[in-house]
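Novice: Line by line, the protein sequences give chains A and B. Heads up, the first sequence is in the numbering used here, so the first residue is 2 and it goes up one at a time. Heads up, the second sequence is in the numbering used here, so the first residue is 10 and it goes up one at a time.
Hints should not be assumed to be uniformly reliable.
A few chain A residues facing chain B, derived, Cβ under 8 angstroms [said to hold, decoys possible]: (1) L38; (2) A51; (3) D254; (4) M255; (5) I257; (6) F279; (7) V280; (8) I284; (9) F289; (10) P290; (11) K368; (12) D369; (13) Y399; (14) W403; (15) Y415.
Ranges of calculated distance between the beta carbons of each label pair, as one might list FRET restraints [claimed, not checked]: (16) B:S89 <-> A:L324: 35 to 45 angstroms; (17) B:L60 <-> A:V205: 30 to 40 angstroms; (18) B:Q310 <-> A:L49: 43 to 53 angstroms; (19) B:A210 <-> A:N396: 25 to 35 angstroms.
Source of the hints: derived by calculation from the structure; they are not laboratory data. Just so you know, even glycine gets a beta-carbon here, dropped at the ideal spot from N, CA and C.
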Amino acid sequence: MSDTHAHSVAFVRTEQLPQLAPPSTAAGPVSWMRKNLFSNIPYSILTLVALYCIYLMLSGFVPWALNGVWNTSNIRECREVLNGVSGGCFSVLTERWNQLIFGTGYDREEYWRPTLTFILLFVAAAPILFMNLPRKMLIFTGLYPFLAFWLIWGGTILNPLLALVGIVVGYLVYSRLVNQSFAMGFFGGVAAAVVTWWIGGYIVGAIAPEETLLQAVPSRDMGGFMLNMILGTICVSLSLPIGIALALGRQSDMPIIKWICVVFIEFIRGVPLITLLFVANVILAFFFPPGSNLDLILRVIIMITMFSAAYIAEVIRGGLAALPRGQYEAADSLGLDYAQSMRLIILPQALKISIPGIVNVAVGLFKDTTLVSVISMFDLVGMIRGPILASTDWNGVYWELWAFAITLFFVVCYGISQYSQWLERQLATDHR
Amino acid sequence: MTTMTDPPQESFRPSMLLNDTRYRSYTFQFIALIVLIGAIAYLMSNLFANLEDQGLNISYDFLGEPAGYGIAQNLVEYDSQDSHMRAALIGILNTLLVAFLACVTATILGVIAGVLRLSNNWLVAKLMSAYVEAFRNVPVLIWILVINTIVISMPGPRAYRGDTPEVEMFMGIIAYTNRGIYIPAPTWGPGSLLVVLTFFASIAAIIWYRRYAVKQLYDHGRDLPTFLPSLAIFFIPTILMYFIMGRPIGVDVPALQGFNFQGGTQIGRPLIALWLALSIYTGAFIAENVRAGIQAVSQGQTEAAASLGLRPNRVMNLVVLPQALRVIIPPLISQFLNITKNSSLAIAVGYEDITATLGGITLNQTGRAIECILLLMLFYLTISLLISAVMNVYNNSVSLKER
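Start from the sequences and build out the full structure, keeping to the hints where you can.
Specialist: This is the structure:
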């Protein structure tokens, strides 16, 4: 048939043409722009406005960042170098780097201590953050708090060692007694640890050497971003167990315990952190025995921990309430007692649900550690507002310093929230 | 023949207090109560011992004494001879003022950013994501200080002086200086009350008319025009009354006199810094709530509405928004609570809110730390409890009535 047909017309193409690229209106950047940027008139106007905004921001920011001066020793030299050209005096960051990051507590050759602590923090946190790392690493995580305390505060190593020994003794007693009942194990363990610390305190006081390996650093000299990190890490880690206890207490059937927890949580959540920091600054000392002299940093840690514990408790309560009733009943029908059912069935699931909320609280708390600058502690913000902007060398270098602070906090907080989203995807075991 | 008998009554043994679930909770609660009372008694005895050591006592008499300090931003009459109580009241009003302003602007900003973040326009959506992430991940204190720095770097009143000033007033009526922004203020002549009342009455009339139109549409199928009549009711009676009463309401435009601006209303620098920073910061959080709320309405609802033949804006107004609001409003209210609590950061830029007056200057002048901070906490606690009460009422009224 085709042969005969070929004779009847003048020309017939015998092979298929190569495919042409789709027209530029259907694919490629032009079509993408038409679809996503200029699909109709209001959108086009919106796009142009957005482009203009971006242009305005970049035209101010780019020359300022690119023409930056990095190696002068004060603002007048920097202005001479710039000579009227728009540019940032970033030399304030290089010249005051140690002050911004570590505060004024350490000698120049001792900055390795906080730096090492900071690096080890990642090693210690890694097995908690990533479940597929070897579980043996948790041993280092357990030792880290004592090591970090020694590295940061210095002084005799006997104090952190004593704390460690007390906890080990407490744990041994707990594991002996927990077979009888959880409550007995728990209270026995706490009592054993307290007794160990009490006795050990006298021994350490007697044998503590005058000369120590690491020079002791007083708390009031700590500052800079390190102070934000210290407060954030300590308070979040301490407030997790307290928050879990408060949440369980609030869910409890026992009215007195329930009301103690409710009043505590609602009171703390109802007042701003600043008032709690005022309490730490001027009132809290009144509540300790006369003559005792607590560090300001310790008082602040107590108040911030209470603050974040209340918020974490609410998040975990949400997780507990979200568990189906059947899980509680299943645990009961297996004959587990309260402690067992919570530890083995309820809390693992409830904590998993609450991870995003807990991370939100942690990020919020880390941001809120800047509030300590209001009660004249020199954290990153306090350091910028106080010693650096007030000094004659750098009076007037606002933008560089604030940009630095914004960048630091953004990197940390954005990193944590990205991690939490990743973890949420990892833990999503439900069907979809 | 055997009969069912009750199990033999056990006599009470002390070990049952710990091992029998019937008594165990009483034991625990009793222990908890004892521990709590013991802890409070211990703290209180420490407190009184410390107070006695320092020769202090707890007394609220200082509230009646003259404060002796001035407050720049005051909504009601105040001078430095007024009592500390009065200063605290000014502080409360200032807190409420900045919280209210910030709530309004943060909501507007957050709704716009949240909706635009879901827009099909790629560039705008990305820009809004950048805004949300940038502001959510940096402490609000830093933003307050940054915006304060921006306001400080605005031109001083001096720059407006001379025949060829360096800066012109914006549209000839608004002046922005490093001391704050000066805007025109209305002046109220005799009879202006009637004009204002007419204005509110016309707004009520618009609402009534719109309801009437909807009722007509549903009951009789008559589609009344709403837009033009509403516009007419909004403007005509008020303008008529304004001219009938002989133009009682005037405008007081700020003008440069000597070294500063006189007349008009001054919005002080600290208020601007705090207001803007709280709005932009909380706006980013509200944007996330709005986005989550809109996304919580399932796609099927939009498609069902579209298949009924509704136009896109009707789909939004009649189907998506009513369902999204149920999700959005509770977190929105807790953001308002956050704004109120974060407004206590005013102390960092020198805005005289309750934390700065009662918890700052009054505390330092009188040394009554415990009393001042207790009152301060009581104030914030009252506000929070009020807001959560409102939220509970709202939640109960909108929660789905399940059977």
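Novice: All hints are to be evaluated individually against the structure, with a verdict given for each.
Specialist: Each hint, compared with the structure:
{"no.": "1", "hint": "L38", "in the structure": "holds (6 angstroms)"}
{"no.": "2", "hint": "A51", "in the structure": "holds (5 angstroms)"}
{"no.": "3", "hint": "D254", "in the structure": "holds (7 angstroms)"}
{"no.": "4", "hint": "M255", "in the structure": "holds (5 angstroms)"}
{"no.": "5", "hint": "I257", "in the structure": "holds (4 angstroms)"}
{"no.": "6", "hint": "F279", "in the structure": "holds (5 angstroms)"}
{"no.": "7", "hint": "V280", "in the structure": "holds (6 angstroms)"}
{"no.": "8", "hint": "I284", "in the structure": "holds (6 angstroms)"}
{"no.": "9", "hint": "F289", "in the structure": "holds (6 angstroms)"}
{"no.": "10", "hint": "P290", "in the structure": "holds (5 angstroms)"}
{"no.": "11", "hint": "K368", "in the structure": "holds (4 angstroms)"}
{"no.": "12", "hint": "D369", "in the structure": "holds (7 angstroms)"}
{"no.": "13", "hint": "Y399", "in the structure": "holds (5 angstroms)"}
{"no.": "14", "hint": "W403", "in the structure": "holds (5 angstroms)"}
{"no.": "15", "hint": "Y415", "in the structure": "holds (5 angstroms)"}
{"no.": "16", "hint": "B:S89 <-> A:L324: 35 to 45 angstroms", "in the structure": "violated (58 angstroms)"}
{"no.": "17", "hint": "B:L60 <-> A:V205: 30 to 40 angstroms", "in the structure": "holds (33 angstroms)"}
{"no.": "18", "hint": "B:Q310 <-> A:L49: 43 to 53 angstroms", "in the structure": "violated (33 angstroms)"}
{"no.": "19", "hint": "B:A210 <-> A:N396: 25 to 35 angstroms", "in the structure": "violated (57 angstroms)"}
In terms of the numbered hints stated before, the structure departs from hints 16, 18, 19, listed from lowest to highest.
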